[in-house]
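Enquirer: With the hints as extra help, turn the sequences into a complete structure.
The chain contents come next:
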Amino acid sequence: KAGVTQTPRYLIKTRGQQVTLSCSPISGHRSVSWYQQTPGQGLQFLFEYFSETQRNKGNFPGRFSGRQFSNSRSEMNVSTLELGDSALYLCASSLNQQSTDTQYFGPGTRLTVL
Amino acid sequence: GQQVMQIPQYQHVQEGEDFTTYCNSSTTLSNIQWYKQRPGGHPVFLIQLVKSGEVKKQKRLTFQFGEAKKNSSLHITATQTTDVGTYFCAGSFTGNQFYFGTGTSLTVIP
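One line per chain: the protein sequences are L and H, in this order. Once you know that position 111 of the first sequence is 111 in the working numbering, the rest is easy, because the numbers rise by one and skip nothing. Here the working numbering runs 1000 ahead of the position in the second sequence, where the first position is 1.
Simulated from the structure, these hints should not be mistaken for lab results. Hints are not guaranteed to be accurate.
[As the list claims (entries may be wrong)] Partner residues are not named here, just some residues of chain H that face chain L (Cβ under 8 Å, in silico):
1. Ser1030
2. His1042
3. Pro1043
4. Phe1045
5. Gln1048
6. Val1050
7. Ser1092
8. Phe1098
9. Phe1100
10. Thr1102
[Said to hold, decoys possible] Subject to a maximum C-alpha distance of 20 Å in a straight line, what follows is the list of computed DMTMM-like cross-link-like pairs (lysine to aspartate or glutamate):
11. H/Lys1036 with L/Asp101
12. H/Lys1056 with H/Asp1083
13. H/Lys1036 with H/Asp1083
14. L/Lys13 with L/Asp85
15. L/Lys13 with L/Glu82
16. L/Lys57 with L/Asp101
17. H/Lys1056 with L/Asp101
18. H/Lys1051 with L/Asp101
19. H/Lys1057 with H/Asp1083
Just so you know, even glycine gets a beta-carbon here, dropped at the ideal spot from N, CA and C.
Expert: Written out as structure tokens, the structure reads:
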């Protein structure tokens, strides 16, 4: 099976712009979670989607949003980019919504905001 | 708020020495997962602990979950250069939302 794929792998934007990141989960996986990883804050949970519905949300401002499509692919959007949004954005897929399901991470999208 | 603390932040060891990283939470965890992230890579799932007092082994790696399900540890015996990376614990309190520890970056000196 192919692993989790994320596009693009690298992105450079300027402050005020918006960005959309894409994540394709492992075939058959229905849950997708998004994380932000920065050197100072580590891995922080953004949100989780299951069956096209946001099930959990982390403590991030409303500029961060996401969605999931019927084929389980997910996108996240960040509007009005700030310098502090520079980070590695990781998505993880799991089979279902059970906390005991293994999460498989994608390679991430490295976002740089200038 | 719910969070998982992890120590130490960095650990340098001579090849062949042992290594341990610890995670703890002030609130009882539903389960805890451990991940390894190589430099420039993404987190890779190592193991999951669910039961109170659970101990699991993977070759030179030993994982423990505390009796109260509030702490966990990862111990590596006789480290090798291939063990280099950052080790994260991730705890779940309810549902499928995981709180990651800040990670322990392991450097192995040959």
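Enquirer: Taking only the CA atoms, is the gap from H/Lys1036 to H/Asp1083 under or equal to 20 Å?
Expert: holds (9 Å)
Enquirer: Per the CB criterion, is H/Phe1098 less than 8 Å away from chain L?
Expert: holds (6 Å)
Enquirer: Taking the closest Cβ pair, is H/Phe1045 under 8 Å from chain L?
Expert: Hint holds; H/Phe1045 Cβ to chain L Cβ min 5 Å, cut 8 Å.
Enquirer: For the restraint on H/Val1050, tell me whether the closest CB of chain L is nearer than 8 Å.
Expert: holds (6 Å)
Enquirer: Given a cut of 8 Å on the nearest C-beta pair, is the interface hint for H/Ser1030 held or broken against chain L?
Expert: Cβ of H/Ser1030 sits 6 Å from chain L, so the hint holds.
Enquirer: Given a cut of 8 Å on the nearest C-beta pair, is the interface hint for H/Phe1100 held or broken against chain L?
Expert: holds (4 Å)
Enquirer: Could you grab the alpha-carbon distance between L/Lys13 and L/Glu82 and see if it respects the 20 Å cut-off?
Expert: With Cα atoms ~10 Å apart, L/Lys13 and L/Glu82 stay inside 20 Å; holds.
Enquirer: Between H/Lys1036 and L/Asp101, is the straight-line Cα distance small enough, at 20 Å or below?
Expert: holds (17 Å)
Enquirer: A closest beta-carbon separation below 8 Å is what the hint needs, so does H/Ser1092 meet it against chain L?
Expert: holds (4 Å)
Enquirer: Should the hint that H/Pro1043 touches chain L count as held when the rule is a Cβ pair under 8 Å?
Expert: Interface hint status for H/Pro1043: holds (5 Å vs cutoff 8 Å).
Enquirer: A closest beta-carbon separation below 8 Å is what the hint needs, so does H/Thr1102 meet it against chain L?
Expert: With a closest approach of 4 Å, the H/Thr1102 hint holds.
Enquirer: Tell me if the interface restraint on H/His1042 is satisfied: Cβ within less than 8 Å of some Cβ in chain L.
Expert: With Cβ-Cβ at 4 Å, under 8 Å, it holds.
The structure is consistent with each of the numbered hints, conforming to all of them.
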